[in-house]
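> The whole structure should be built from the sequences, with the hints applied where relevant.
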Amino acid sequence: MELKSKPRTKAQEATQAIERIYITMRHLFNRGYYKPMGVSGTTLREGLLALQPEIYGTMAEEKVELNGMVYVLDRLPSGIEECSIINLTSSEGYNSDSFPPIIPEKRRRNCYRIDQDQMNIEITRGRSDIYDILTHLTFLFIESHKIAERIAEQQEQGIGNDWEKVKTVALNPSPNQQEIDVALAHTANIIGRTFEETKGFSEQLATEKHPLKFLKIIYWLAKHGLDELNDVNKRSITFSPILRERLGHHIHGEIWADNIKEQLEAQHLLGRTIHIISANMHSVMNCLFAKQVLSSEFGTDEYAIYELLSKPENSHLRNKVSEFAEKNGMTFIKDSSGTNIDVQLFDLSKVNLNHCFLHEEKSALISNESVLIVMDYAFGEQAFETLDELLKPYKKDKNNPLSLDVASVSIMGKAGILSGDKGDIMIPTSHIFEGTADNYPFKNKFSGKLFNDLGFNTVEGTMITVLGTSLQNREMLSYFKKSSWGVVGLEMEGAHYQKAIQAAAKIRKNIRENVELRYAYYASDNPLETGKTLASGGLGLTGVKPTYGITLEILKQILELD
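For the sequence shown, numbering that gives the first Met the number 0 assigns the number 0 to the initial residue and increments by one for each residue that follows.
A few of these clues could be false.
Said to hold, decoys possible - Once the Cα atoms are required to be at most 25 Å apart in a straight line, the calculated SDA-like pairs of lysine to any residue come out as:
| id | residue 1 | residue 2 |
| --- | --- | --- |
| 1 | 544 | 454 |
| 2 | 212 | 395 |
| 3 | 34 | 158 |
| 4 | 508 | 261 |
| 5 | 480 | 456 |
| 6 | 212 | 311 |
| 7 | 105 | 57 |
| 8 | 444 | 420 |
| 9 | 481 | 429 |
| 10 | 208 | 98 |
| 11 | 34 | 95 |
| 12 | 319 | 298 |
| 13 | 208 | 312 |
| 14 | 166 | 77 |
| 15 | 444 | 402 |
| 16 | 198 | 261 |
| 17 | 395 | 270 |
Just so you know, these hints were derived from the structure itself, not from any lab. For clarity, every value in this text was computed on a predicted model and none was experimentally measured.
Printed below as a string of structure tokens:
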């Protein structure tokens, strides 16, 4: 029988491109170094251009993709565009007076400027962190070469002096506004954007300390791109031997989990019923304490108080709630392990549960002896490392390890939605892991109907745990949405959490086999709609209602207040 070959769909091509990208990344990591714009980086560049992720917008076109560039720069250390050597390291003692840490605005990772040519980025959150960084850098270097090739073309043709004008102002420590506008006009010509767009992005990136940030970024990207085109000096990415040796061994996760268990022991809480919540460092605390601290001054409209606490200018109110919480049953554990995951412990026996935003004042008095462990958001594969270690028995006495009595695990996260809008809620019935045959069906204590009845727009179905949010394109996501997989959203941690939970409950028997699970995500973006991707901006106050709506339902179920 003759086999008929069928043309591949765009979704299949996208899936294959992602597989090539990740295989290449692993190969380059094992090799120890590579030049992103050299032969060794070709597969990554070609894969990214073939994939054309939604988050990177028009990267395959001649004009420079500015929204994607802002998104990437928010997640990379300030000044990285100036460096020709980027070294990915483990936690190797760079944090000192000589090398003050640089922390990106939208990613919790320590970075160190070693000298004018080298930036070190500390990897303590696993492979997902490496994938994230390499993807962003590949995009940035592609844009760098777009700019350089445009300048080189002008120089060959002997037309225009855009590059010289931009360079003069970018290197001037104190140009006047007229000179800046002239340079932006020439920049617009180089990057293929209007003057209005270019000036708008310049104002968006400008800070009080770095008013010329945008011009300097364009200058350095162009300079390094031109050097590479002229074979003067090629940028390189290296991986330290210590990082290659340590990656995958749960070194940071084990320290993190031991710190939590030691604190539980110190407070005589190890024998109590424990509920683990993966969320943020404000919503659980505010649900339990904000009413007692702020209602006399700001009234009893709970969501009005939550919005008040969410505004950047109200740090004094957040501090007031935090100080009260630490005197009334909350212990804050600042991370010292390198995971960048802070933790709060709540001894509910010390919390006045009759004066919080969980039930009507006239309800019967409630009390609870449980302990809440609230862990800040993990990142990708780090979710498995941290929860796997946390669910293991406490081994202070090696002969008599003490298992934690974990009654429930609740996961509240941000995710991309495929059928809805920012601020909507997704309730997963299972997780499927992108690029593998792994799937994790489970019984979720939450339901779509629960949140629909509370007035939220809610979708219920399968969630896909992706290898990286910046490597998803429209065709592939549309396939997952429309096919029998029935995917309603995408995120980066669900399958990793579930793998750790199932191993602890079903195989290792470290925790209750019938541990209760709650998963709910609020939509931070819709990658299928132009203008609603992650690159288009954050949720702002739109995220307050779903964040606290989910948190309140987690607490009500834990306290059995339904």
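> Would you mind confirming whether the straight-line C-alpha gap from residue 481 to residue 429 stays at or under 25 Å?
holds (16 Å)
> Given the proposed pairing of residue 319 with residue 298, does the C-alpha separation stay at or below 25 Å?
holds (16 Å)
> Is residue 208 close enough to residue 98, meaning Cα to Cα at most 25 Å?
holds (20 Å)
> Between residue 166 and residue 77, does the CA-CA distance stay at or below 25 Å?
holds (20 Å)
> Please verify whether residue 105 and residue 57 have alpha carbons no more than 25 Å apart.
holds (22 Å)
> Take the C-alpha atoms of residue 544 and residue 454, compute the straight-line distance between them, and say whether it is at most 25 Å.
holds (10 Å)
> Regarding the pair residue 395 and residue 270, is the alpha-carbon distance no greater than 25 Å?
Holds, because 14 Å separates the two Cα atoms, which is no more than 25 Å.
> Check whether the Cα positions of residue 34 and residue 95 lie no farther apart than 25 Å.
violated (29 Å)
> Decide if the proposed pair is consistent with the structure: residue 444 and residue 402, CA atoms, cutoff 25 Å inclusive.
holds (24 Å)
> For the pair we were handed, residue 208 and residue 312, check the Cα-Cα distance against 25 Å.
holds (20 Å)
> Keeping to a limit of 25 Å between CA atoms, is the pair of residue 444 and residue 420 held or broken?
holds (24 Å)
> Between the alpha carbons of residue 198 and residue 261, is the straight-line distance 25 Å or under?
violated (53 Å)
Going down the numbered hints, you'll see the structure goes against 2, 3, 11 and 16, while the others check out.
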